[in-house]
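Visitor: All chains, please: the whole structure from these sequences, using the hints.
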Amino acid sequence: MNDHPASPNPHEFTNLDRRSFLKTGLGGALFLGTVSVTAGLSGCATQPAGRLSAVGTRMDASYQFRFLTRDDITLFEALLPAIIGPGLPEQPQARNIAIAGTIERIDAGIHKFGPANQKELRRLFDLLNFGLTRITVARVWPSWPNVTTAEADAFLERWRTSGIGLFNNGYIALTKISNVAFYGYRDFWHLSGYPGPPQHAVDALPQFKNA
Amino acid sequence: MSLTDRIAQGLESGWKVTDGASLTDNLTAEADVVVIGTGAGGGTTAEILAKSGLSVILVEEGRLYYQKDFKMDELTSYANLYQEGMSRVTRDGAIAILQGRCVGGSTTVNWTSSFRTPEPTLNYWAEHFGLEALRPDAMAPWFEGREERHSMAPWQMDPNVNNDILRQGCEKLGYSWHIIPRNVKGCWNLGYCGVGCPTNAKQGALLTTIPGALDNNAHLFHSLRADRLVMNQDRIDHLQATAFASDGITPTGIQVTLKARHFVVAASAIGSPGLLLRSDIPDPYGRLGKRSFIHPVNASVAQMPQRVDPFYGAPQSIYSDEFNFRNGVDGPVGYKLEVPPLHPAMSSGVIPGHGEAQLNNMAGLPHMQSVIALLRDGFHPESPGGTVSLRDDGSPVLDYPVTDYLWSGLRNAFHTMAEIQFAAGAEKVRLMHLDSDWYSSLAEAKAAINKLPMEPHRVRLFTAHQMGGCGMGSNPQNSVVNGFGEHHQVGNLSIHDASVFPTSIGANPQLSVYALAARNSARLAQRLG
Numbered sequence: 001m002n003d004h005p006a007s008p009n010p011h012e013f014t015n016l017d018r019r020s021f022l023k024t025g026l027g028g029a030l031f032l033g034t035v036s037v038t039a040g041l042s043g044c045a046t047q048p049a050g051r052l053s054a055v056g057t058r059m060d061a062s063y064q065f066r067f068l069t070r071d072d073i074t075l076f077e078a079l080l081p082a083i084i085g086p087g088l089p090e091q092p093q094a095r096n097i098a099i100a101g102t103i104e105r106i107d108a109g110i111h112k113f114g115p116a117n118q119k120e121l122r123r124l125f126d127l128l129n130f131g132l133t134r135i136t137v138a139r140v141w142p143s144w145p146n147v148t149t150a151e152a153d154a155f156l157e158r159w160r161t162s163g164i165g166l167f168n169n170g171y172i173a174l175t176k177i178s179n180v181a182f183y184g185y186r187d188f189w190h191l192s193g194y195p196g197p198p199q200h201a202v203d204a205l206p207q208f209k210n211a
Numbered sequence: 212m213s214l215t216d217r218i219a220q221g222l223e224s225g226w227k228v229t230d231g232a233s234l235t236d237n238l239t240a241e242a243d244v245v246v247i248g249t250g251a252g253g254g255t256t257a258e259i260l261a262k263s264g265l266s267v268i269l270v271e272e273g274r275l276y277y278q279k280d281f282k283m284d285e286l287t288s289y290a291n292l293y294q295e296g297m298s299r300v301t302r303d304g305a306i307a308i309l310q311g312r313c314v315g316g317s318t319t320v321n322w323t324s325s326f327r328t329p330e331p332t333l334n335y336w337a338e339h340f341g342l343e344a345l346r347p348d349a350m351a352p353w354f355e356g357r358e359e360r361h362s363m364a365p366w367q368m369d370p371n372v373n374n375d376i377l378r379q380g381c382e383k384l385g386y387s388w389h390i391i392p393r394n395v396k397g398c399w400n401l402g403y404c405g406v407g408c409p410t411n412a413k414q415g416a417l418l419t420t421i422p423g424a425l426d427n428n429a430h431l432f433h434s435l436r437a438d439r440l441v442m443n444q445d446r447i448d449h450l451q452a453t454a455f456a457s458d459g460i461t462p463t464g465i466q467v468t469l470k471a472r473h474f475v476v477a478a479s480a481i482g483s484p485g486l487l488l489r490s491d492i493p494d495p496y497g498r499l500g501k502r503s504f505i506h507p508v509n510a511s512v513a514q515m516p517q518r519v520d521p522f523y524g525a526p527q528s529i530y531s532d533e534f535n536f537r538n539g540v541d542g543p544v545g546y547k548l549e550v551p552p553l554h555p556a557m558s559s560g561v562i563p564g565h566g567e568a569q570l571n572n573m574a575g576l577p578h579m580q581s582v583i584a585l586l587r588d589g590f591h592p593e594s595p596g597g598t599v600s601l602r603d604d605g606s607p608v609l610d611y612p613v614t615d616y617l618w619s620g621l622r623n624a625f626h627t628m629a630e631i632q633f634a635a636g637a638e639k640v641r642l643m644h645l646d647s648d649w650y651s652s653l654a655e656a657k658a659a660i661n662k663l664p665m666e667p668h669r670v671r672l673f674t675a676h677q678m679g680g681c682g683m684g685s686n687p688q689n690s691v692v693n694g695f696g697e698h699h700q701v702g703n704l705s706i707h708d709a710s711v712f713p714t715s716i717g718a719n720p721q722l723s724v725y726a727l728a729a730r731n732s733a734r735l736a737q738r739l740g
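Read top to bottom, the protein sequences are chains C and F. Residues 1 to 211 in our numbering are what the first sequence spells out, letter by letter. Residues 212 to 740 in our numbering are what the second sequence spells out, letter by letter.
Hints are computed from structural coordinates only; laboratory data are not their basis. Mixed in with the good hints there might be a few duds.
[What the hints assert, rightly or not] Under the rule of at most 27 Å between Cα atoms (straight-line distance), these lysine-lysine pairs were calculated in the DSS-like manner:
no. : chain 1 : residue 1 : chain 2 : residue 2
1   : F       : LYS657    : F       : LYS383
2   : F       : LYS282    : C       : LYS209
3   : C       : LYS209    : F       : LYS657
4   : F       : LYS639    : F       : LYS383
5   : C       : LYS209    : F       : LYS279
6   : F       : LYS262    : F       : LYS396
7   : F       : LYS396    : F       : LYS657
8   : F       : LYS227    : F       : LYS262
9   : F       : LYS662    : F       : LYS639
Every value quoted in this text rests on a predicted model; they were computed, and no experiment measured them.
Guide: What follows is the structure in structure tokens.
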């Protein structure tokens, strides 16, 4: 019983020997594959979210999502306050715009990742979105819209410090795509003290003339 | 835009360039030679063959980007110019792979470091792989020729602070250091080599050999993926290729058939074995995709008291080979020390972390300095390299197990990098490792490095140098091609890229690829002429 990964009882899961669970990449991959199928069957949103209405989602209604599902968007809305932390603006509207824009850039980035890496990310996101595995594997009890920043941070910290490579890998995947999409965007360059491309070059080069 | 850009000018003048995305019907074309890949190897090959009067078709899966597209922006450049939108990793996800995917291949986005193949490497190949004809003396004229073609010379300007700190640290500790030769002409010293040179200073394939080939009637197809070489008895009859839409990644379903007398594969150390595996090219000794090397790279960052502005200035201008061959060619693993440029997207993706800690890491960017160590893999029995194989969808993937031998080299490299950074005056140093903190003294850093678990995923590893997988050698039982890049089993197939290297190089590989491709293309032109 104690070595069953799908055990719903939180106390039992705590006793689980985590090193024996998902120890190998192969086992992990197979397990994540199963989650994807299960998630699909159980009604998780599995289609790219497409164009969302601005009112309901705070997103730029002109952006067409090509990879992230509505569930994934909710996931990142919960995680970004922990991943970016105090880098996000405090003013509510600016904060919402920063989060929404970062999620759009995450989607645009993943679109260019190609099918193989998209498949890996789909497994990761499904694992996090699917209630049973969100609780047993990520040990996040509330559903994502109800997760506090502290809880999201604790989840990231667990995966960062875990002795299981698969969780470390999940941590890197989530933080890397979020950090790049956030800190790499011109609106947030000031946070890293990056002044942008040298102005004398921008002024002199033809490719900036028509912009 | 005025027509001062070499590519814009060429397109205007009627170069034969076909964008796969623009094709609406299936197509068949024929030439003397089809060259697959437009990077260091493919560009060189295409120019030399085209100049010798042969008709040449060039095939590139990435798109044609040039000056108008190079706007010093990380997000668009990583998405468009790199393999898998900069998300390529080894099979287990533990090593990030930086590799170009555009016309010019990695030479369009590399940091311009231009080294000859180290002599100990060439001699090792002669002794272990029967490649006597590639001894340093025999290769020297080919290196000279390519140094001239690509305007390679030791960097004349002062190094930027980022690189100068490596110099200062080495100087203090009595370690050797040297100035890096770069392939640039009229360089503005901006610091944006990795996102496509905005000033056309970089003399990579995009602005040298590709235009040279196109001026000589070569036909370039870009946004076209080489799917399969189709054999007829013991020869390759044609290449089957698929076009991508203008996003560069969505297949349009349009099929292109390319026929030729001879085929040159130059699709990189991951792409070339991948293509040959997909094509079921004869491989009687199971060598395809084996012995793949990557110069595994680990890194350390330092917080300096002075401004570093690591995003500006020639990205690489100083290196140290103090530890590269110090234990002999095949002793404990050696490593070359260099410096990477640090822009915000790259840094935030490479430095592991989140939340307030990551914000603090990033806030220090103007004072941040980094050293990288490139391990010279493949020269020792405990460094047999990785394996390229195919995923279910036919795409190639590299499996690269890090052996204890390499882990011990990576730990040594962490020690060296921290030592150099503190010697150069670092206030604190952090290793690129999930468990690393910032350390404010060398003693503290050394104690931590001795304890840090050296495990996949926890140590952040990178590579920008993919080599091997179609290794050359005189004996078909342990190699794929001979010393001229000619396939051992298939008469009209050559391989002209970094996949033929039987070990890693021990230096940034672009000049090694240029030189070997030039030598082997000259021979091929004679054979076919």
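Visitor: All the hints need checking, so say for each whether the structure fits it.
Guide: Against the structure, the hints come out as follows:
| no. | hint | result |
| --- | --- | --- |
| 1 | F:LYS657 x F:LYS383 | holds (18 Å) |
| 2 | F:LYS282 x C:LYS209 | holds (11 Å) |
| 3 | C:LYS209 x F:LYS657 | violated (51 Å) |
| 4 | F:LYS639 x F:LYS383 | holds (17 Å) |
| 5 | C:LYS209 x F:LYS279 | holds (10 Å) |
| 6 | F:LYS262 x F:LYS396 | holds (23 Å) |
| 7 | F:LYS396 x F:LYS657 | violated (42 Å) |
| 8 | F:LYS227 x F:LYS262 | holds (15 Å) |
| 9 | F:LYS662 x F:LYS639 | holds (18 Å) |
Hint violations for this structure: numbers 3, 7, all remaining hints satisfied.
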